[in-house]
Amino acid sequence: MRNQFRWSAVWLLGILGFISGCSAKNAGKPISQVPDLSGIWLGKPIQSLSPSDPTAQKPGAEGDIPYTPWAIARMKAERPATGRNQTFANTTDPALKYADPDGYPRASIHPMRFKIVQTPDYIYQIWEYNKSWRQIALNRPHSEVPDISWFGESVGKWEGDTLVVDSVGFKDSTWLDPIGHLHTEDLHIIERIRRVDPETLVFNFTFDDPKAYTKPWDGQLAFKLKTDGIMTETIYTISDELNFRQHFLNEKPTIPIRPSH
Amino acid sequence: MKGKVFALGVLLTAIPLFAHHGGTSLYDMSKEVTLEATVTEFIWTNPHVEIGLDTKDDKGKVRHWILEASSPPVMVNRGWNRKSLQPGDVMKVTFNPSQRGGSVGRLIKLIKADGKVL
Numbered sequence: 001m002r003n004q005f006r007w008s009a010v011w012l013l014g015i016l017g018f019i020s021g022c023s024a025k026n027a028g029k030p031i032s033q034v035p036d037l038s039g040i041w042l043g044k045p046i047q048s049l050s051p052s053d054p055t056a057q058k059p060g061a062e063g064d065i066p067y068t069p070w071a072i073a074r075m076k077a078e079r080p081a082t083g084r085n086q087t088f089a090n091t092t093d094p095a096l097k098y099a100d101p102d103g104y105p106r107a108s109i110h111p112m113r114f115k116i117v118q119t120p121d122y123i124y125q126i127w128e129y130n131k132s133w134r135q136i137a138l139n140r141p142h143s144e145v146p147d148i149s150w151f152g153e154s155v156g157k158w159e160g161d162t163l164v165v166d167s168v169g170f171k172d173s174t175w176l177d178p179i180g181h182l183h184t185e186d187l188h189i190i191e192r193i194r195r196v197d198p199e200t201l202v203f204n205f206t207f208d209d210p211k212a213y214t215k216p217w218d219g220q221l222a223f224k225l226k227t228d229g230i231m232t233e234t235i236y237t238i239s240d241e242l243n244f245r246q247h248f249l250n251e252k253p254t255i256p257i258r259p260s261h
Numbered sequence: 262m263k264g265k266v267f268a269l270g271v272l273l274t275a276i277p278l279f280a281h282h283g284g285t286s287l288y289d290m291s292k293e294v295t296l297e298a299t300v301t302e303f304i305w306t307n308p309h310v311e312i313g314l315d316t317k318d319d320k321g322k323v324r325h326w327i328l329e330a331s332s333p334p335v336m337v338n339r340g341w342n343r344k345s346l347q348p349g350d351v352m353k354v355t356f357n358p359s360q361r362g363g364s365v366g367r368l369i370k371l372i373k374a375d376g377k378v379l
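Top line first, the protein sequences correspond to chains L and S. According to our numbering, the first sequence is numbered sequentially starting from 1. According to our numbering, the second sequence is numbered sequentially starting from 262.
FYI, nobody ran anything at the bench for these hints, they're computed from the structure. One thing to keep in mind: the hints can contain errors.
[Claimed, not checked] In silico DSSO-like links for lysine-lysine, alpha-carbon gap of 30 Å or less:
id: 1; chain 1: L; residue 1: Lys252; chain 2: L; residue 2: Lys44
id: 2; chain 1: L; residue 1: Lys44; chain 2: S; residue 2: Lys344
id: 3; chain 1: S; residue 1: Lys377; chain 2: L; residue 2: Lys44
Model the full assembly from the supplied sequences, consistent with the hints where possible.
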């Protein structure tokens, strides 16, 4: 038992050493000189990033999202599982139909928690949903050729009390939010993240994607601090989904469901 | 079951948290059914927690229901855990029935026989 504890401590020190080792060059400001964003955060459930239509009652006609003809045609063809004309059984939502990762910023829109872990050179956002995470590298340029990924590539810098994050390289099959706002691989997101008071963290987004939107548009997500330390696990699996559909839609599973025992 | 006295409790109206599973495409949100029921199983699972219930009609005929709750993390935020309900627990439940018929529904509120509201 004592040996087990000793090895656990060694592992923990190793991990902490790795994280602090990332700061070896002291490229970023010491944590004590920048705002502390760390903690567990929980947002209110919304369905759309449209500031005028957070419950998704008029998707495609919000007035504050400047769709291109291509994007509005695509949007009308999608069948989200939320909003005014929702359909669950035949949804085209990639996160439900294919169990695809949510991507960003949709990962933050679940009514579930995320944790921010902050070091001088990196900020990590860790979501309890699907146990996914994102890295924001501080005071560094983007890669010469950013990879295309579910959560994109993010770099950030402090401007006063605000963390400004620049993200590119998003896989175009994700939706920005549950109602189905689309994007292309050219999506460029600028975030301004600020702890507006000790209990509240606000992310102000600007979405720039000329193929999908005729001009940049803004969205906002706000989160409240949770101090109970709880981070649970919920992982979306095909087996669980097939079980759900069998119980609530009386659908026959298309593949054998993993036994639970 | 009829005539059984339940302690009064403050009813919690559920916030619409069912962005994915359930909602107007599966359930009739304009209808609310309230029944006295006995828990047969409580499945703490993804994507959403499931509650199996037996109810009895006036003639004593048993009907089995499955109700959809929310996802485990959302339930935790509201004070639930995987042992919040046990088979045999007696309660009053209110739910939206399925649009497609059958004995399934979406949980709205629940009061246990001792008055505890979950």
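Consistency of the hints with the structure:
{"no.": "1", "hint": "L:Lys252 - L:Lys44", "verdict": "violated, 34 Å"}
{"no.": "2", "hint": "L:Lys44 - S:Lys344", "verdict": "holds, 26 Å"}
{"no.": "3", "hint": "S:Lys377 - L:Lys44", "verdict": "holds, 26 Å"}
Hint check: a violation occurs at hint 1 only; the rest are consistent with the structure.
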